[in-house]
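Colleague: Here is how the chains run, residue by residue.
Number of protein chains: 4
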Amino acid sequence: MSYFSSVPNIDYEGAASTNAFAFKHYNPDAVVAGKTMREHLRFAVAYWHTLTAGGADPFGAGTAVRSWDRLSGMDLAKARVEAAFELLVKLKVPYFCFHDRDIAPEGDTLRETNRNLDTIVDIIKEHMKATGVKLLWNTANMFTHPRFVHGAGTTNNADVYAYAAAQVKKGLEVGKELGAENYVFWGGREGYETLINTDMRLELDNLARLYRMAIEYADEIGFDAQFLIEPKPKEPTKHQYDFDAATTIAFLQHYGLKDRFKLNLEANHATLAGHTFEHELRVTRMHGLLGSLDANQGDTLLGWDTDEFPTDLYATTLTMYEVLQNGGIGRGGINFDAKVRRGSFEAEDLFHAHIAGMDAYAKGLKVAARLIEDRVFEDTIARRYASFKEGIGLDIVSGKATLASLEQYAMQNNPIRNASGRQEQLKAIFNQYLLSE
Amino acid sequence: MSYFSSVPNIDYEGAASTNAFAFKHYNPDAVVAGKTMREHLRFAVAYWHTLTAGGADPFGAGTAVRSWDRLSGMDLAKARVEAAFELLVKLKVPYFCFHDRDIAPEGDTLRETNRNLDTIVDIIKEHMKATGVKLLWNTANMFTHPRFVHGAGTTNNADVYAYAAAQVKKGLEVGKELGAENYVFWGGREGYETLINTDMRLELDNLARLYRMAIEYADEIGFDAQFLIEPKPKEPTKHQYDFDAATTIAFLQHYGLKDRFKLNLEANHATLAGHTFEHELRVTRMHGLLGSLDANQGDTLLGWDTDEFPTDLYATTLTMYEVLQNGGIGRGGINFDAKVRRGSFEAEDLFHAHIAGMDAYAKGLKVAARLIEDRVFEDTIARRYASFKEGIGLDIVSGKATLASLEQYAMQNNPIRNASGRQEQLKAIFNQYLLSE
Amino acid sequence: MSYFSSVPNIDYEGAASTNAFAFKHYNPDAVVAGKTMREHLRFAVAYWHTLTAGGADPFGAGTAVRSWDRLSGMDLAKARVEAAFELLVKLKVPYFCFHDRDIAPEGDTLRETNRNLDTIVDIIKEHMKATGVKLLWNTANMFTHPRFVHGAGTTNNADVYAYAAAQVKKGLEVGKELGAENYVFWGGREGYETLINTDMRLELDNLARLYRMAIEYADEIGFDAQFLIEPKPKEPTKHQYDFDAATTIAFLQHYGLKDRFKLNLEANHATLAGHTFEHELRVTRMHGLLGSLDANQGDTLLGWDTDEFPTDLYATTLTMYEVLQNGGIGRGGINFDAKVRRGSFEAEDLFHAHIAGMDAYAKGLKVAARLIEDRVFEDTIARRYASFKEGIGLDIVSGKATLASLEQYAMQNNPIRNASGRQEQLKAIFNQYLLSE
Amino acid sequence: MSYFSSVPNIDYEGAASTNAFAFKHYNPDAVVAGKTMREHLRFAVAYWHTLTAGGADPFGAGTAVRSWDRLSGMDLAKARVEAAFELLVKLKVPYFCFHDRDIAPEGDTLRETNRNLDTIVDIIKEHMKATGVKLLWNTANMFTHPRFVHGAGTTNNADVYAYAAAQVKKGLEVGKELGAENYVFWGGREGYETLINTDMRLELDNLARLYRMAIEYADEIGFDAQFLIEPKPKEPTKHQYDFDAATTIAFLQHYGLKDRFKLNLEANHATLAGHTFEHELRVTRMHGLLGSLDANQGDTLLGWDTDEFPTDLYATTLTMYEVLQNGGIGRGGINFDAKVRRGSFEAEDLFHAHIAGMDAYAKGLKVAARLIEDRVFEDTIARRYASFKEGIGLDIVSGKATLASLEQYAMQNNPIRNASGRQEQLKAIFNQYLLSE
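Chains as they are written, first to last, in this note's numbering: chain A, 3 to 439; chain B, 3 to 439; chain C, 3 to 439; chain D, 3 to 439.
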């Protein structure tokens, strides 16, 4: 049966198409900067938002109207797998991502829960084989169930920690079984509500211990996925430990984990932390830690994670600019950790939203590639920093300079001349690149 | 002559005093938790806000009415020194802090600028000797002059970098001359306005180079001050590299500078970065990097650095709680990096404001000491995390546990029981401690 | 049976009590500024947070452990009524508030839903009679059900509007039946997600129409409650029409509804709109529109409605200051629109939280009353604005002045002298009042 | 002499031009939706940012390098007039705007200040005649000088109020002399720092009195400009009374001033208040109060007024959409209340920035016109709200419905069907319109 019978396969029809069920920019086989769009973008569907979630918010019940609504339990789980692959294929999306609890319901015991998971994993594996769709990453949901009320890897309760560890173990096994390219940790409950009842040091030490056990177990079973940590500053917790990229990097450095982890960055998490998404990408790629992207966009006038599908072309262009400068996204991809608005509750909206996001990223890729090809920003930067290529600047960069030698130079170098940073002109040029094909 | 002739010496008169020019809580010789208040709090006056600034804001000119207003140039600088020490003595504040340009004006050349500085430093030294007031820290202002428009240690212009280095060199010499306990770096222009014209990696590498040169030179001249970096996320720059404590720690770790630097934390900078001040203190003391405090408070409904004098007793209590848990502030102190409101433009307001802040911190110290003495939060925390003291919890903490052993435990441990975190009750108890003497 | 068997009656024991189940400041019969605390504060329990909600958040399931958890449907609804009155009596809270859907579940049809409501209303009425507890206000929940996805009074769907109208009609009947002192409208879905699909004018016209119909019907059935609108700027909707007090007042003025409505102000809604709570009170009482208060507090470092129990004594004092200056809260009250933290999931926490909030307001009342009695702020204000009591100032206030007469005055009045606003000193005095009994 | 000798006249060269000193979209004589671009956009240069300001910020001195830097006093003022008109002509901008103190310095007395003003006004008048450039609006700067520390129209000091009134009187005379189309009030100091020393009611009453006097005097001298109030929520003041459009409308309604005032809306002020710019425009035009626009853009990750030149095409399109739906901007215009970044300190940057902004608005106009021509959003809206055109919906809108009639309808109308709001699809279509010419 079809779960999206009203929706055709989505094909590329070009920028002028008025067909709502067609791509205007995403042309998987088109080559940009030496690779196909498919290879560059490595799109993934987020199972939780697109298959599992229903549009509930803190003040309202779910609104989603889905063809699988009448089902429940394992029947519902199975139907969602079929729906997922129908959607993936129709949208030409090559990857998907999931939390363990997205794909199968909890049972009365952990054993039963794992059995449920195994059943669905088998079915998913068949679908993957049949369609060629692959698993970008999986993860364990260690934040929804009440047991995680005080955290999972950072809980105050050793029993909860043990449960979380068991869940990670199973997650690694599932990842291996399905050939996941990455394994993600997002610590929605790894933080605190108030410092006055919190032992922050023990919590962070324990979190590092969990990561080390995960590495050891992955090595033990031969699961060679890239481990990723996904920063988010707050929500649901008042303060989450993986606040942003820099904080997470400090953690990895402190606990000696930098060699085995990269970051999974999310646009809306960046803005919640007070950063642009491109800032988080820049910081992360400077450390060689750019792992994967959760593509969405937030509303900077709102203070929570709106997880909107990304349509802002400025943001997608600057994102792809950083990705291209990074030499690509590696084993990571662009996962639509985005949800249709609560008012967009029809099944068609799932397609409209993905099309909007995929086109926004495809256009961003094209614009970024041309900006780089024409060295628009690169030449500006080369000119701006040219003084560090020779003379006193070269002494500084090469380590020859001292405070004394620099003082001596400065004493006779008067006046100093600076040049404009030309920000407004660069933004105007950016607009020109955005608007021209 | 007296610069504050209307203001008497400020003495401790107790909580019920109605004398505006008296301390209600700060009693320098009173002993709390084994040390005098003077030793605990190590208050400092910030020269820039209290002696130099005049109340200008982005939309208005200075309003301050000062007895030295008719002076200019070096005469003004000298008068301010005298006024500063009159104020320090009257307020019984044992320390002060300054930027080079606060105390002496720039000349036409760097050489002349340094001569101006030397002249004032000599005068300050005499006053320090005469009064016993000491220098908590000094620093170089590398953000006000137009030459730093694109940064100092992170400028794109090697000539500017050389100038900044010369300024740091002189700053270290001045610090040594005056026996400064610390030397501070605050990077107000060390960041970027837009990534599209910025070479972030070179800028950060250069910043680390400047820090290394500073360490080398301090060692060379035998200046044994503690080096401090002061995080701030933004303002004046769109994005500053030392965004918050964690980001700064990541930087220190990455560049191998963690052994020679600590942090100077500021309350308003914390909230601008999305953190409470106590969060920044907790993170920093976990890394053993708590250096010194810039005491003020922000208005969390405003998005800029309001630098208000600290009067919120919740905040001062939680700050002193972290300081006490840290075993004190070491060579650092509590510097009032705070300015009277633009509407509080009379000289008396400088005293009212410092009294308000000093009393708020003194009261905070007393409350924090009693909270710790009574183990209010400590006992709660010990109970909450007790499961990590034995059994499976001890296995986790001691490194014996593996994912497999934890899974085995979790499989038979059903159901899991959590206990309330009792946040509301703890806050009610906090109020009781705050209100009772 | 008892639903809170571990919790005794809560009595006043004074500030030094170490009994967690006792009031430290709230002494209902104690007289402050000529009225008992009970009369001043008119506390109310919010049914939704305290009886109905379970601690779910956008990333997690409910955590609350309640003695009525095993029940469902109407049995659950009945048990909650009993529990509510046990809690109200034990806490000595004289009022409660509810949405229609808090107290009784929806049925398959509106008719059945109303029957459910009637059944519970009858039971509540008996309990009210037996205990003397009264209904501060009731309201209709027109935001949770999916039908309200695009709004209720501002929906684009006339069928939904009709349903909402029917719900309001029933709400007014229920209010009359139970003798509610007020009837509240909170428009959680009355706003828009994006302007590009929204007819703002029609939506606002329709909202005013609904209010007018409500007035007419209340008059028709002789329900003489005060109508209240509760502003909130956002959440769940991207932009809500009743953004803040001023916006709501503009609406009431524009549609000629100012004589029949007052405002129900909430602390956390104020801060979400960028205002302090006392600002919203001041603006509202200037218009004679202060109706009632939803007492809670937000976390200004978070961007959503955290609805914490109010414990900040600065805020409760300034709130009660405005209430006292208003001559009291009239037919309104202080409703704890506050929820225990998700981690405070035990039944006892409901009591700890209310005690914390009631004590914070009782202390705030006492401090505010003394501030007013001593004319601390009043005298300052009288002095500051004295120039408008005579001469040119009196001409201005009395309407005699013109631009020409003022220019003539200004031409010869040189220089102008201002005086300090003394903000820091006033804050220090505020701290003194807060700390002394 | 030329003040911008390196800059040629700026001509339209089309989207593909690589000439930095050319328009890519702004073609003054090109006709869009029945009017020329010049008539639609009515651009204005803001004298203060472009001629007077120098790039200072709270932590740094001015950086601007201008050919008039060596001048001071009235010589400087005269040079700036010449520079202004050279810039206006080269940029083909038909209007300009100023505060009194932008164009001429204060003297020692108000009389001398006014003489300075008269001198410059005469010179400006000649330039206007010679060039055809017109004055969009003028205003009085009642926020920079220390005398306004506690406000102007809302000061606590009647002498200051009188001074402000005199300044407004002169402003109206100057406006009449120069044929200003509008006269603006922006209340940067009309607000409060803390409520505890503020008489809000007197302050607002006095502000209304000042507005009434201004109306009377304008009528008296036959100055028929449109009066405008410009909302801003905060900065420099902690809370400004004209917080946003709705608040300002509430004020105008309350004081009976709605017939004589319209609003001057600014993009960055909108976002500081938590609104999109298009929201402020929509609210304002619903009340028939759209007066004029201050075009700029803020950085929503920063909490202060960055006043950047507008380059975001989404924003300019949605702005022009509201303007076109309003039937145009009337006597108002699009004033670039925007400043070059502090790092863009060269004279050429003034041109780059205006070109960037003018092109962004011109492109926005074109896209908005096509969206309206194709009824993209209009048809969606018509469909969405169709239920109010007939049956029960028509009863509601026409005033026939009552709660009882709607209840009767709702009782038999089960289930209710809603339709998706299609937000994602609309955003994708918006992108298509943006990208296609």
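The reader is advised that the hints may include incorrect statements.
DSS-like cross-link-like pairs, simulated, lysine-lysine; straight-line CA separation at most 27 Å [claimed, not checked]:
| id | chain 1 | residue 1 | chain 2 | residue 2 |
| --- | --- | --- | --- | --- |
| 1 | A | LYS172 | A | LYS136 |
| 2 | D | LYS240 | C | LYS240 |
| 3 | B | LYS260 | B | LYS172 |
| 4 | B | LYS240 | D | LYS240 |
| 5 | B | LYS127 | A | LYS260 |
| 6 | D | LYS136 | C | LYS172 |
| 7 | C | LYS92 | C | LYS37 |
| 8 | B | LYS92 | A | LYS240 |
| 9 | D | LYS260 | C | LYS402 |
| 10 | B | LYS92 | B | LYS127 |
| 11 | A | LYS260 | B | LYS260 |
| 12 | B | LYS402 | B | LYS391 |
| 13 | A | LYS402 | B | LYS391 |
| 14 | B | LYS402 | A | LYS172 |
| 15 | C | LYS260 | D | LYS172 |
| 16 | D | LYS80 | D | LYS172 |
| 17 | C | LYS260 | D | LYS260 |
| 18 | C | LYS178 | D | LYS127 |
| 19 | A | LYS37 | A | LYS131 |
| 20 | D | LYS178 | D | LYS240 |
| 21 | D | LYS172 | D | LYS260 |
| 22 | A | LYS178 | B | LYS402 |
| 23 | D | LYS172 | C | LYS402 |
| 24 | A | LYS240 | A | LYS131 |
Simulated from the structure, these hints should not be mistaken for lab results.
Colleague: Decide, hint by hint, whether the structure agrees.
Modeller: The hints, checked one at a time:
1. The hinted pair formed by A:LYS172 and A:LYS136 meets the criterion: a straight-line CA distance of about 19 Å does not exceed 27 Å.
2. Distance check on the hinted pair: D:LYS240 and C:LYS240 sit about 25 Å apart at the alpha-carbon level, within 27 Å; holds.
3. Of the supplied pair hints, the one linking B:LYS260 and B:LYS172 holds, its CA atoms being roughly 24 Å apart against a limit of 27 Å.
4. Taken as a hint, the B:LYS240 and D:LYS240 pair is honoured in the structure, with Cα atoms around 21 Å apart against an allowance of 27 Å.
5. Of the supplied pair hints, the one linking B:LYS127 and A:LYS260 is violated, its CA atoms being roughly 48 Å apart against a limit of 27 Å.
6. For the suggested pair D:LYS136 and C:LYS172, the alpha carbons sit about 61 Å apart, so the restraint of at most 27 Å is broken.
7. Straight-line distance between C-alpha atoms of C:LYS92 and C:LYS37 comes to about 22 Å, which keeps the hinted pair within the 27 Å bound.
8. For the given pair, B:LYS92 sits about 43 Å from A:LYS240 by alpha-carbon distance, which is inconsistent with the 27 Å threshold.
9. Proposed proximity of D:LYS260 and C:LYS402 is supported: the alpha carbons are some 23 Å apart, at most 27 Å.
10. Of the supplied pair hints, the one linking B:LYS92 and B:LYS127 holds, its CA atoms being roughly 18 Å apart against a limit of 27 Å.
11. With a C-alpha separation of about 17 Å, the suggested pairing of A:LYS260 with B:LYS260 holds against the 27 Å cut-off.
12. Distance check on the hinted pair: B:LYS402 and B:LYS391 sit about 13 Å apart at the alpha-carbon level, within 27 Å; holds.
13. Between A:LYS402 and B:LYS391 the alpha-carbon distance is near 53 Å, which puts this suggested pair outside the 27 Å criterion.
14. Note on B:LYS402 and A:LYS172: the hinted pairing holds, with a Cα-Cα distance of about 20 Å set against a maximum of 27 Å.
15. Restraint check: the Cα-Cα separation between C:LYS260 and D:LYS172 comes to about 38 Å, which exceeds 27 Å; the hinted pair is violated.
16. With a CA separation close to 20 Å, the supplied pair D:LYS80 and D:LYS172 stays within the 27 Å bound.
17. Between C:LYS260 and D:LYS260 the alpha-carbon distance is near 17 Å, which keeps this suggested pair within the 27 Å criterion.
18. Of the supplied pair hints, the one linking C:LYS178 and D:LYS127 is violated, its CA atoms being roughly 69 Å apart against a limit of 27 Å.
19. Taking the CA atoms of A:LYS37 and A:LYS131, the gap is about 25 Å. The hint holds against a cut of 27 Å.
20. Between D:LYS178 and D:LYS240, the direct Cα distance comes to roughly 34 Å. Violation of the 27 Å bound is thereby established for this hinted pair.
21. Proposed proximity of D:LYS172 and D:LYS260 is supported: the alpha carbons are some 24 Å apart, at most 27 Å.
22. Distance hint between A:LYS178 and B:LYS402 is fulfilled; the C-alpha atoms sit about 25 Å from each other, no more than 27 Å.
23. Between D:LYS172 and C:LYS402 the alpha-carbon distance is near 20 Å, which keeps this suggested pair within the 27 Å criterion.
24. Only pairs whose Cα atoms come within 27 Å are accepted, and A:LYS240 paired with A:LYS131 is rejected, the gap being roughly 42 Å.
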